[in-house]
Amino acid sequence: MLTELGDEGVQILTISPDPNEKSQELAQKLRARYRFLTDRDLAVTRRYGLLHAHGGHKGQDVARPTTVVLDRRGVVRWLQLADSIQVRPDPADVARAVRQLGS
Amino acid sequence: MIRYGSALLSVLLSLAAIGGYIVFLRVPAVRNHPALYLVAFAIATAIAGVATWRAARWPNFVALGLSVALLILGGVFNFVLAKIPATPTVLRLGEPAPDFTLPDASGAPVSLASFRDRTPVVLVFYRGSW
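Going down the list, the protein sequences come from chains A and P.
Okay, so the first sequence: first residue is 67 according to the numbering used here, each after it adds one.
Okay, so the second sequence: first residue is 132 according to the numbering used here, each after it adds one.
Each hint should be verified, as a subset may be incorrect.
What follows is a list of derived Cβ distance ranges for each label pair [claimed, not checked]:
id, chain 1, residue 1, chain 2, residue 2, range
1, P, Leu212, A, Val141, 33 to 41 Å
2, P, His164, A, Arg106, 51 to 59 Å
3, P, Ala239, A, Pro157, 23 to 31 Å
4, P, Val193, A, Arg106, 48 to 56 Å
5, P, Val161, A, Arg138, 29 to 37 Å
6, A, Arg138, P, Thr232, 14 to 22 Å
7, P, Arg188, A, Gly115, 52 to 60 Å
8, A, Pro85, P, Leu156, 23 to 31 Å
9, A, Gln126, P, Phe210, 17 to 25 Å
10, P, Val241, A, Gly125, 25 to 33 Å
Below, computed lysine to aspartate or glutamate pairings styled on EDC-like, alpha-carbon distance capped at 20 Å [said to hold, decoys possible]:
id, chain 1, residue 1, chain 2, residue 2
11, P, Lys214, A, Asp149
12, P, Lys214, A, Asp127
13, P, Lys214, A, Asp137
14, A, Lys124, A, Asp137
15, A, Lys124, A, Asp156
It is worth saying that the hints were derived from the structure and are not from the lab.
No residue lacks a Cβ here, since even glycine has one placed at the ideal position from N, Cα and C.
Starting from the given sequences, assemble the full structure and let the hints guide the process.
And the structure:
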């Protein structure tokens, strides 16, 4: 997904309810700077206001797919919230947003 | 001899739309414009509709039925099932993201604040495995 960002000097944190050992293995193979974080009870997702209640295929709660670019001070500089489960951010747009942060 | 080129064209267009969407799902321009398959189904419906109007034969009816069914199913999925309700997110451009601490794949706690003044961060919230 975001392997384009591997060399940009940026930390990618992914957040989902899943335990993510397999995802982490995959990321290491891709040598992408991902860390897969597990928000098992969706507490952080809920606190961020990104809960899609009953949005899972079994009616379980899931996260609204969201990508956020934070600068070094932790300030939100770019944000995309999905309004359809079919849509994901274009990695090129995310990479551009990261590059525009400067150094 | 009645020709069924239009019916065939309609069916092929529908199949090409489905196949193309699946094959190119990883291409952002395709993935992020899902309504394109609806446009293809609508054109397929129009072609089959004209063919049926000209010759009320079963191949044309089959093509029309298929394209109408796909148009309805695709429309319901795209405009109803796939929609995510707006959420009252606390994220605002130009404002700090709230701190959190979550375990990584090895169970080690990772806090957002630990990256402050060190590196930019991309947060990716996703739905998880299905």
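Here is what the structure says about each hint:
no.: 1; hint: P:Leu212 / A:Val141: 33 to 41 Å; in the structure: holds (35 Å)
no.: 2; hint: P:His164 / A:Arg106: 51 to 59 Å; in the structure: violated (34 Å)
no.: 3; hint: P:Ala239 / A:Pro157: 23 to 31 Å; in the structure: holds (27 Å)
no.: 4; hint: P:Val193 / A:Arg106: 48 to 56 Å; in the structure: holds (49 Å)
no.: 5; hint: P:Val161 / A:Arg138: 29 to 37 Å; in the structure: holds (34 Å)
no.: 6; hint: A:Arg138 / P:Thr232: 14 to 22 Å; in the structure: holds (19 Å)
no.: 7; hint: P:Arg188 / A:Gly115: 52 to 60 Å; in the structure: holds (56 Å)
no.: 8; hint: A:Pro85 / P:Leu156: 23 to 31 Å; in the structure: holds (26 Å)
no.: 9; hint: A:Gln126 / P:Phe210: 17 to 25 Å; in the structure: holds (23 Å)
no.: 10; hint: P:Val241 / A:Gly125: 25 to 33 Å; in the structure: holds (30 Å)
no.: 11; hint: P:Lys214 / A:Asp149; in the structure: holds (6 Å)
no.: 12; hint: P:Lys214 / A:Asp127; in the structure: holds (14 Å)
no.: 13; hint: P:Lys214 / A:Asp137; in the structure: violated (30 Å)
no.: 14; hint: A:Lys124 / A:Asp137; in the structure: violated (36 Å)
no.: 15; hint: A:Lys124 / A:Asp156; in the structure: violated (27 Å)
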